[in-house]
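If you're matching them up, the sequences are chains F and L in order.
Positions 64 to 488 (the working numbering) are the ones given, in order, by the first sequence.
Positions 48 to 527 (the working numbering) are the ones given, in order, by the second sequence.
Hints are computed from structural coordinates only; laboratory data are not their basis.
Check before you lean on any hint, since a few could be wrong.
Said to hold, decoys possible - The calculated EDC-like cross-link candidates involving lysine to aspartate or glutamate, where the alpha carbons are at most 20 Å apart (straight line), are: (1) L:90 / L:212; (2) L:432 / F:116; (3) L:244 / F:440; (4) L:189 / L:206; (5) L:427 / F:368; (6) L:311 / L:513; (7) L:427 / F:116; (8) L:392 / F:377.
As the list claims (entries may be wrong) - Looking from chain F toward chain L, a few residues come up when the C-beta cut is under 7 Å (computed): (9) 412; (10) 430; (11) 431; (12) 461; (13) 462; (14) 465.
As the list claims (entries may be wrong) - Covered stretches of chain L, as calculated for chain F (at least 3 residues, CB under 8 Å): (15) 216-224; (16) 454-461; (17) 465-475.
This one's a predicted model, so the numbers in the text were calculated from it and none came from an experiment.
Using N, Cα and C, we set each Cβ at its ideal position, and we do this for glycine too.
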Amino acid sequence: MVVSSRLADRAVNDAWARRLLSHLPVPSGELEAVQVRGREALIRQSLPSRRQEDWRFTDLTPLKALDPLSLNPLTAAVGSSLPSAGWPAPAPGSLRLWLDGRSDPLAGQTLPPGLSRLSSDDLHQALGRSLAGCDCEQHWPVELNQATVSHCLALRVSGVIAETLELVCVADAQHTLRPVRVLLLLEEKASLEVLQVQLGSGASLSSLVVEAQLGRQAHLLHGLLALGEAEACFLGHLAVEQASESRFRSVMASRGWALSRFEPRITQRDGAAHTELKALQLAERDQLADTHSQVRFLGPDGALEQLHKAIAADQGHSVFNGAVAVPRQAQRTNANQLSRNLLLSDQARIDTKPQLEIVADDVRCTHGATVSRLQADQLFYLQSRGIDAATASRLLRRGFCQEVLRDFPAAAAVWNPLQRLMVEA
Amino acid sequence: MSTTSTVSDLVSKPYQYGFVTDIETEKIDKGLSEDVVRLISAKKNEPAFLLAFRLKAFRQWLRMEEPQWAAVNHPEIDYQNIIYYAAPKQQEKKASLDEVDPKLLETFEKLGIPLSEQKRLSNVAVDAVFDSVSIATTYREKLAEHGVVFCSISEAVKDHPELIERYLGSVVPASDNYFTALNSAVFSDGSFVFIPKGVECPMELSTYFRINSGDTGQFERTLIIAEEGASVSYLEGCTAPMFDTNQLHAAVVELVALDDASIKYSTVQNWYAGDESGKGGIYNFVTKRGHCRGDRSKISWTQVETGSAITWKYPSCVLQGADSVGEFYSVALTNNRQQADTGTKMIHVGPRTRSTIVSKGISAGHSSNSYRGLVQIGPKAVGAKNYSQCDSMLIGDQAAANTYPYIRSQQPESTVEHEASTCRISADQLFYLQSRGIGFEEAVSMMVSGFCRDVFNQLPMEFAAEADKLLALKLEGSVG
Chain F
64 MVVSSRLADR AVNDAWARRL LSHLPVPSGE LEAVQVRGRE ALIRQSLPSR RQEDWRFTDL
124 TPLKALDPLS LNPLTAAVGS SLPSAGWPAP APGSLRLWLD GRSDPLAGQT LPPGLSRLSS
184 DDLHQALGRS LAGCDCEQHW PVELNQATVS HCLALRVSGV IAETLELVCV ADAQHTLRPV
244 RVLLLLEEKA SLEVLQVQLG SGASLSSLVV EAQLGRQAHL LHGLLALGEA EACFLGHLAV
304 EQASESRFRS VMASRGWALS RFEPRITQRD GAAHTELKAL QLAERDQLAD THSQVRFLGP
364 DGALEQLHKA IAADQGHSVF NGAVAVPRQA QRTNANQLSR NLLLSDQARI DTKPQLEIVA
424 DDVRCTHGAT VSRLQADQLF YLQSRGIDAA TASRLLRRGF CQEVLRDFPA AAAVWNPLQR
484 LMVEA
Chain L
48 MSTTSTVSDL VSKPYQYGFV TDIETEKIDK GLSEDVVRLI SAKKNEPAFL LAFRLKAFRQ
108 WLRMEEPQWA AVNHPEIDYQ NIIYYAAPKQ QEKKASLDEV DPKLLETFEK LGIPLSEQKR
168 LSNVAVDAVF DSVSIATTYR EKLAEHGVVF CSISEAVKDH PELIERYLGS VVPASDNYFT
228 ALNSAVFSDG SFVFIPKGVE CPMELSTYFR INSGDTGQFE RTLIIAEEGA SVSYLEGCTA
288 PMFDTNQLHA AVVELVALDD ASIKYSTVQN WYAGDESGKG GIYNFVTKRG HCRGDRSKIS
348 WTQVETGSAI TWKYPSCVLQ GADSVGEFYS VALTNNRQQA DTGTKMIHVG PRTRSTIVSK
408 GISAGHSSNS YRGLVQIGPK AVGAKNYSQC DSMLIGDQAA ANTYPYIRSQ QPESTVEHEA
468 STCRISADQL FYLQSRGIGF EEAVSMMVSG FCRDVFNQLP MEFAAEADKL LALKLEGSVG
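My request is simple: use the sequences and hints to build the entire structure.
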């Protein structure tokens, strides 16, 4: 009986991928090889199931509810609704590019000095390297992206870039499949701030794969503001390889997706680098917000500061899995991870699981997790100073969000992240 | 001075329980089938309901798969190459200890478990289990005066079948997992404790498990029931001889606490861990679960895990009664090639339930030590609280310390706090102690016992001292 239900599950899952593949255009263009590889993988693998440890808490029903036959990566060119559709103007000093996964966002754009388009040869040499380096090139969401994406924004960064690169992707038409792929190569001492804005609505699927390679002493700040609506689903993958003395900071905030799964995977190739991961995810109504992060230290003296915050309200379900791997060569690693969760309704659910795997002995690794509603003593403290209960609660929720949001690149202000992420009581 | 010599005494001793007692044993043939299950049941003259329980479990087991999720590796276990029943040839349990085979008594003397009551000074009643059967239970009369039943589970089946039928499998159903199904089908013996309403058990109860045969699996079953307002403290110890082959130990322990009852369950597990290269040792795949059924009941697990080639064990509490309390205090030490995947589950069901988890993992040599725990706050657990702390200490750069704490909360009016850290024996602390004239080994042993103090404090007195010594012994030569 168990066996037969497993087979039935598998059949349904396989059917989803097969139906999706059945109507995709023949592989072509600069990413033809990538598409072929992705499609072969989707035929081989079935959709992740909750029997896999990595997907144990992640119910893919919203994704399966999207009709694969009508999901089309070619519908609704971004240009049609842009830029007149009331999008906020880019912040001064930021360069906005619209990504749709198939046309070239750099067409007609002038890149600031230090930022250049990767040649086709370089692109093919570098593409997929960080995915392999972070051990996730065969993950289902990555293969889905590879199977469907036809353009990759590939940039070389060879200096300190003052402008913030703002990458906006909108999946706002029904039945849109919007795969976006980005590759960033930061040379030694290069520095870049990127803000990615992912907007989704309707029965759409946004798929994002970002690869970044940081040279020595390079610095990358990656902000991801992922805002969805209704049945929209989001699968985001970040694969970052860091050379020594580099600094990578990721700030992520998400809200509103029927299903969102964000997987930042960072590998410190020689250790001695600094990684900072901050995230805030909201799960309301019957949404599922999931973050699975993985940080690996392959050399000594690495550092990690990770703060993951989640708010679950209504019947929302928030999932966090934070893996940290400290193998034998990663002596003197200093890794700190904290998962803080606000549970605002008795039908909401929080699953959090820090995961430390340590072999080196001279390390300092800590992790902590808390799940509760707003602290009664904090509310009392504010009320005792004459602030009414509603304002006090609002203040505390605001503080909870701000601890993450304040680290976004300044250019994010035009999108009003705080306003978009504050939960009303 | 005296302590220094104690430590070096200890360090010079290898696994001291590794001897084999040469005693005539009745074994059945290797292998497992429905006939074997029937044979075990028939050998024990069991009532029909128990045979039905076993057969149902066996059929479930056939359909199940061995769990793969734990962070442990071992060659595939051939379940047909195990003897499922072995007993010293002495079928009738003797009325007096004088009739017990002196060789058996000697074995337990050697293990430091004197069974003869007159020699026994401390106030502890012991049930000794040798391979598949219980040999002797001490202090039974004194306990009976208070209405406490403490006997082997086989005797309980005969004398109190109604309690067995009511409670066996009620906390850990046979189908709970692969190993519980196996245990439920073939369990041979174990301890049974029943504390009637309002009784505080007058002495500590203890069971001592000993595997003697090389090709036998041990599948014991422990059932402890504390009625309303009752309380009991129970200790469990285990050793096995050294064999080059791996032996399977798949036990099930069930605790039931009714209103205001309290059960304290302490384990010092020192099964043979295999040699330095990882040859031999016990596969310790144990399911332990306590059910706080009544309001204000309390179940506390304390474990010191130092033995076994592989430990797969998650003593858990289902906190159903309002205001019930669950506790888990654990020290798990692995050395050489040992693997441990251990932790606890605290399932908060009732309102205002509270739980505390303190786990200390020490990994040395090439071993791997994982903490895996679940804290689950159900939708009705209004006002529930959990605090977990899991610390790891690494000795040497070849050992692995993993932490997998699962936290799930569905109740906003509850608080879950979890913290964890990893450290090592730091050179400056060692230097500080050595500069004050404390020897190297002793300094290490002091630091380890300091690291474990929160847990040792929970152990009954004589166990705490033993546990401390055990750790020092196990860490021999692994620092430096």
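Quick rundown of the hints versus the structure:
In summary, the hint linking residue 90 of chain L to residue 212 of chain L is supported, as the alpha carbons are separated by about 19 Å, within the 20 Å threshold. Between the alpha carbons of residue 432 of chain L and residue 116 of chain F the distance comes to roughly 27 Å, so the proposed pair goes past 20 Å and is violated. Using a Cα cut-off of 20 Å, the hinted pair residue 244 of chain L and residue 440 of chain F is violated, with the two alpha carbons roughly 41 Å apart. Our distance criterion of 20 Å between C-alpha atoms is met by residue 189 of chain L and residue 206 of chain L, whose separation comes to about 18 Å.
With a C-alpha separation of about 35 Å, the suggested pairing of residue 427 of chain L with residue 368 of chain F is violated against the 20 Å cut-off. Taking the CA atoms of residue 311 of chain L and residue 513 of chain L, the gap is near 18 Å; set against the 20 Å cutoff, the hint holds. Taking the CA atoms of residue 427 of chain L and residue 116 of chain F, the gap is near 27 Å; set against the 20 Å cutoff, the hint is violated. For the given pair, residue 392 of chain L sits about 26 Å from residue 377 of chain F by alpha-carbon distance, which is inconsistent with the 20 Å threshold.
The closest approach between the C-beta of residue 412 of chain F and any C-beta of chain L is roughly 5 Å, which is under the 7 Å cut-off, so the hint is satisfied. Of the supplied interface hints, the one on residue 430 of chain F holds, with its beta-carbon coming within about 5 Å of a beta-carbon of chain L, less than 7 Å. Annotation: interface hint on residue 431 of chain F holds; nearest CB of chain L at approximately 4 Å, less than 7 Å. Proximity of residue 461 of chain F to chain L is violated relative to the hint, the smallest CB-CB distance being about 19 Å (cut-off 7 Å).
The interface hint given for residue 462 of chain F is violated, since its Cβ lies 18 Å from the closest Cβ of chain L, which is over the 7 Å cut-off. Because the closest C-beta pair between residue 465 of chain F and chain L is about 21 Å apart, greater than 7 Å, the hint is violated. Taking a C-beta to C-beta cut-off of 8 Å, the stretch 216-224 of chain L contributes 0 residues in contact with chain F, too few for the three needed, and the coverage statement is violated. Coverage of a stretch by a chain is defined here by at least three residues with a beta carbon nearer than 8 Å to that chain's beta carbons; for the stretch 454-461 of chain L and chain F the count is 8, and the condition holds.
A count of 7 residues in the stretch 465-475 of chain L with a Cβ less than 8 Å from any Cβ of chain F is obtained; the coverage claim is therefore met, three being the minimum.
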